[in-house]
Amino acid sequence: MKRAVLLLAATGSPAIAGGLSSSAIGTAQAEVAVPLVATREADLDFGAIFATTAPGTVILGADGTASYTGGVRPACVPGACGPLHPAAFAVAGEGGRAYLVTLPTAITATGTTTAGSPAPPLAVAELTVRTASRPAAGPGGQLDATGHDRFEVGGTLHVPAGIPAAGYRAIIPVMVTYG
Amino acid sequence: MLAPIALTLLATPPARADNLVLTANQQLRYGSFAVPGTGSRTVSATGLVTDSGVLPVSGPTGPAQFTLAFDRGGGSNPVTLVIQVLLGSVGPVSQGGVTGALSAFTTDLPGVPLLVPGQAAILSLPSCATRICTRSFRVGARLDVTRASGGAALTIPLPVSATVLAVL
Numbered sequence: 001m002k003r004a005v006l007l008l009a010a011t012g013s014p015a016i017a018g019g020l021s022s023s024a025i026g027t028a029q030a031e032v033a034v035p036l037v038a039t040r041e042a043d044l045d046f047g048a049i050f051a052t053t054a055p056g057t058v059i060l061g062a063d064g065t066a067s068y069t070g071g072v073r074p075a076c077v078p079g080a081c082g083p084l085h086p087a088a089f090a091v092a093g094e095g096g097r098a099y100l101v102t103l104p105t106a107i108t109a110t111g112t113t114t115a116g117s118p119a120p121p122l123a124v125a126e127l128t129v130r131t132a133s134r135p136a137a138g139p140g141g142q143l144d145a146t147g148h149d150r151f152e153v154g155g156t157l158h159v160p161a162g163i164p165a166a167g168y169r170a171i172i173p174v175m176v177t178y179g
Numbered sequence: 001m002l003a004p005i006a007l008t009l010l011a012t013p014p015a016r017a018d019n020l021v022l023t024a025n026q027q028l029r030y031g032s033f034a035v036p037g038t039g040s041r042t043v044s045a046t047g048l049v050t051d052s053g054v055l056p057v058s059g060p061t062g063p064a065q066f067t068l069a070f071d072r073g074g075g076s077n078p079v080t081l082v083i084q085v086l087l088g089s090v091g092p093v094s095q096g097g098v099t100g101a102l103s104a105f106t107t108d109l110p111g112v113p114l115l116v117p118g119q120a121a122i123l124s125l126p127s128c129a130t131r132i133c134t135r136s137f138r139v140g141a142r143l144d145v146t147r148a149s150g151g152a153a154l155t156i157p158l159p160v161s162a163t164v165l166a167v168l
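These protein sequences, in sequence, are chains B and U.
Take 1 as the starting number for the first sequence in this note's numbering and just add one per residue.
Take 1 as the starting number for the second sequence in this note's numbering and just add one per residue.
Where hints are given, some of them may not hold.
Which stretches of chain B does chain U cover? Using the computed rule of at least three CB atoms under 8 Å from a CB of chain U, they are [to be verified]:
#, segment
1, 41-49
2, 162-168
Not everything, but these chain U residues come out facing chain B in the computed CB check (under 8 Å) [to be verified]:
#, residue
3, Gln27
4, Leu48
5, Val49
6, Ser52
7, Gly118
8, Ile122
9, Leu125
10, Thr163
What follows is a list of derived Cβ distance ranges for each label pair [to be verified]:
#, chain 1, residue 1, chain 2, residue 2, range
11, B, Arg134, U, Gly111, 27 to 33 Å
12, B, Gly179, U, Pro117, 34 to 40 Å
13, U, Thr23, B, Thr39, 48 to 54 Å
If you're looking for bench data, these hints aren't it; they were derived computationally from the structure.
Glycine is no exception: its CB is placed at the ideal position from the N, C-alpha and C atoms.
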């Protein structure tokens, strides 16, 4: 009986598995895209206007169409001045990828009067985007197979009543991301 | 009468390791991102993503997952498994004008926060009372990318092996 106890104790000792092994190959995956680059080709230009005693707007579509409301009138007859036009940008990135243009809801144009003093600021709002690849898709576009596209930006210039003659400039921050 | 009983006990094979299977369940996913020149994305073993010099685009991210399944072949007493986990050599991968290299491997295994390629890590799995003892673990890493031109879909193998050192 004493011998049996000893044998049981021996079978209860640690069992060495000794080299039992297995291997597997996992993978790490990443998709590295070409960075998007937007290059300005033209500024958003509302042209020369007359401001009257009534407020008004200049509405410049991203497709280049222009209209005037209220007391605002174009200062030049057609062809006499440089044409007003939307801002234009070229986009380059990964071929075939969709992208999205993000614009602020409104910006402020600052100006200087012809006398050299600060002019009242003007609001530029209702900014719109029209891409060459998807003209009806608003801010969404798609790069062609070579990774290129273009888009234009229009907006509405709000002109208060009775502002002095002045020149105005504004900076439009444009962000382009893969969509 | 004692001798036959003893012989029977000796003839019965002790509980032994029948099988060990290591399975790769999930890829280490870095998603999609843009790199102007050089940059890195780190996906931790817990899934935390940290970027440096890259621009997120889209796509799922997450750590790799492996599962160890050890069939002890029988027995009902709880056992402790001592397993060696080894990450093999992981070299850089190039595709077109893009090169990616993995480093700084991390795991969620208790006591094994880091995996160094070529260096064994010892893992203890205590209190396994079932016939098949399983343990899943996740692996994260840092991916350094250098982009000279174009884009690329990088796939980098992660060779992992496991060896049972002891069943206690």
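Here is how each hint holds up against the structure:
no. : hint                                 : in the structure
1   : 41-49                                : violated (count 0)
2   : 162-168                              : violated (count 0)
3   : Gln27                                : 5 Å, holds
4   : Leu48                                : 16 Å, violated
5   : Val49                                : 12 Å, violated
6   : Ser52                                : 14 Å, violated
7   : Gly118                               : 14 Å, violated
8   : Ile122                               : 14 Å, violated
9   : Leu125                               : 12 Å, violated
10  : Thr163                               : 4 Å, holds
11  : Arg134(B) with Gly111(U): 27 to 33 Å : 54 Å, violated
12  : Gly179(B) with Pro117(U): 34 to 40 Å : 37 Å, holds
13  : Thr23(U) with Thr39(B): 48 to 54 Å   : 49 Å, holds
Hints 1, 2, 4, 5, 6, 7, 8, 9, 11 from the list above are not met by this structure, while the remaining hints are.
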